[in-house]
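Taken in sequence, the protein lines are chains A and B.
For what it's worth, my numbering labels the leading residue of the first sequence as 30, then goes sequentially.
For what it's worth, my numbering labels the leading residue of the second sequence as -9, then goes sequentially.
Since the hints were made in silico from the structure, they are not lab data.
Think of the CB as a built atom: it goes at the ideal place given N, C-alpha and C, for glycine as much as any other residue.
You may find that some hints are simply not true.
[What the hints assert, rightly or not] Just some of the chain B residues that point at chain A, by a computed CB distance under 10 angstroms:
(1) VAL(-5)
(2) LEU57
(3) GLU66
(4) LEU102
(5) ARG140
(6) GLY285
(7) ALA300
Residues per chain are reported as follows:
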Amino acid sequence: MRSVGDVTPDVVADALVQLVTTEPEGLLPARQQMALSLGWHIVIACFGVAFPAMIFVMHLRGIRRDDPVALGLAQRWAKASAVLFAIGAVSGTVLSFEMGLLWPGLMGTYGDVLGLPFAFEGLAFFIEAIFLGIYLYGWGRIPPKRHVLMVLPMAAMGIFGAYCVLAVNAWMNVPTGFRLVDGEVTDVQPWQVLFNSHAFLQFAHMWLAAYMVTGFAVAGVYAVGMLRGRRDEHHRLGFLVPFVFASVAAVAQPFMGHLLGAGLDERQPAKLAAFELATEEESPSPLRVGGVLVDGEVKGAIEVPFVGSILAMNSFDDPVPSLDDVPDEDEPPVNLTHWAFQTMVGIGSLLMAGVLWFWFQRRRGRDLLEKRWFLRAAAVAGPLAVVALEAGWVATEVGRQPWIVYGVMRTEEAAGSHSGLWWLLGATVVVYAGMTAGAVVVLRSMARRWRAGAVDLPSPYAPEVVAAAEGERR
Amino acid sequence: MSLEVVVAAALFVGVIAYAVLGGADFGSGFFDLTAGSARRGAEVRTLVDHSIGPVWEANHVWLIYVLVIWWTAFPESFAAAMTTLVLPLLLALLGIVLRGASFAFRKYSETLGQARLFGAIFATSSIITPFFFGTIAGAIASGRVPAEGRGDLWSSWLGPTPLFGGVIAVGTCAFLAGTFLVADAARAGHDRLAEELRTRALAVGVVTGAVVFAALSPIHEDAPTLSDGLAGRAAPLVVLSAVAGAATLWLLWRRRHQVARLTAVAAVAAVVSGWGVGQYPWLLVDEVTIAEAAGATATLQALLVAVGLAGVVVLPPLAYLFRLTQTEAWSRD
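Please build the complete structure, drawing on both the sequences and the hints.
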């Protein structure tokens, strides 16, 4: 182990030379590009997975109880989802292109191994897009009872599509369905990839995350409205329906995460060691909250004895895997992985506690919606859930490094050798910032017009609107 | 037919569907861009919203279908094309992102200023995207993508066949969109609008036809393998495309708008199929054949299951969506 004193200019220069010579030019910008575009898309994708179910419940309530408030909410959500799904569709397409543009080594070698789940995901997306069109433009054009059913295929396919994508990611974590003979990929079994053993748990974890992100985010919009004094049935219902979805997911999520983690010590010991900041073998292992690894030593962590073994190993004395047992070249970036993991767990636990408190108080006849502090907390729950989602993805993806396909292909082997990827990253930042700004401006203006009493939101260039505006000017 | 060729055919069906359905959506950007001031263009832009709004996302998925089948069934050729045609691919992708996002943003814009900004982005990117897809098709068809990939970033797509391919793609999309928009306007009872669009669709059709004619000799020089195929095996499709294109012009001229849509679709489908049949058995012309490019057999079989399933579960709702959008109830505002 190296101490701070050893870091002479020579060592730094050595490390830099190594970095430059061993990493292909395209690796770092490709990583950042993928992180940006995937990290952006995953938030929108949550709405694609979870929002249809909430719209369905609201719409169905509207029809069943002849409730104009619920119908109005369903219609507004549908219009908002038209905007969200459009940017979700195009940012998802970006990822399809990037698979080939950024990771030609992965796609060229393993395209026929990992491709089948993507084919089924495409199928799911197809059905989703078709029924989105039918549902959005069907308001007032299809008999109501049939119309509401058009959401169901969207909801189902959002879930199935998510499963397929997660199956590919699970395969990257636990590769299966092929054999390597003298460096050649043979004996490809695509169905084994689609139904790989790890896929379902990873999917379930992400599925709950999607309900948390969407549920808390949508509920948060109405919490803000209530904070501003808009306390009517519209806001109460608009808060409660997504909040119920988010609550169920938030309570189930920690358990699901725990199930997903079972066996990680054997699947990817380096990732678990990084999660737990375990530098050397300890029995029993403590839980290290916070802290950073500096030159092989943990600094500033709060250690809780026994808990590391209990949470990570389901045992009172089994040690968690340690970084000492991992060759240096196979170590992930430890601090980032550790912090991302603990951020996710911390926020997840907080959200679970919050919803439990809300429903517990409600059972006792106290409505926390009357409390401003609760509404403020509910308003930040959405952004917090997004942070937890991103942190979770950072934890699992960075924690798998240096592998893109665990134990089989290193990320540097997958990257291309393009120069100019930094320019691409710069352009992507600009485009995504513009797209984010556009979505925020448009969605906020929609909400503003709805509050002002508009229902239809005609486009400002509609012939009648233009003619009316010209009439006023005269 | 061998397994690989069946999968390649399934892939190419996706290319044709994207060219026809996605192409018509992109082409409407041309009419949006040239619709004139806010007041003069209000009717056209509202018609564009109405025509492509319900269907563009579904039509867009054909592109995903093509990409996924390509990388799953023919992985190395996919990587080769992706590492060579980086620039046109990225520019097409930029167009896709901007088109989809700004189309959705414009529809729900609050002010005319916002709608103008998003509208300009929507319309311009709708023209850029088919251009670059056309260059990609031209680059592959003229043998500019090396089998091992990493071909030249510029010369791989800046040649006669790719550039003509791009221009022809833009023209074809606009012509296709023109016939659809004319038919939609006529069905909704906007006769004056239909007349205006009809004139422009006819002009676009004549110009596109002229470009195709002008491209024949350069493409013959530049892409011998493709032009041999076009003059040989694919000749019936080329003739069919020319006849259907001419028939569309004639039908538009005679104001048989509803029938003109069908011949326009036939013309585009025929010319795209002509390209596919013309370059058979090559996947990347002069470099890799379909058989050489194929991935694992088990994967190809599984893909056919997925494609078959798509035929059963995707096509009926897609037909339902198209039927709904083409009926009277939907034509009302």
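Hint by hint, here is what the structure shows:
no.	hint	verdict
1	VAL(-5)	16 angstroms, violated
2	LEU57	5 angstroms, holds
3	GLU66	5 angstroms, holds
4	LEU102	5 angstroms, holds
5	ARG140	7 angstroms, holds
6	GLY285	3 angstroms, holds
7	ALA300	5 angstroms, holds
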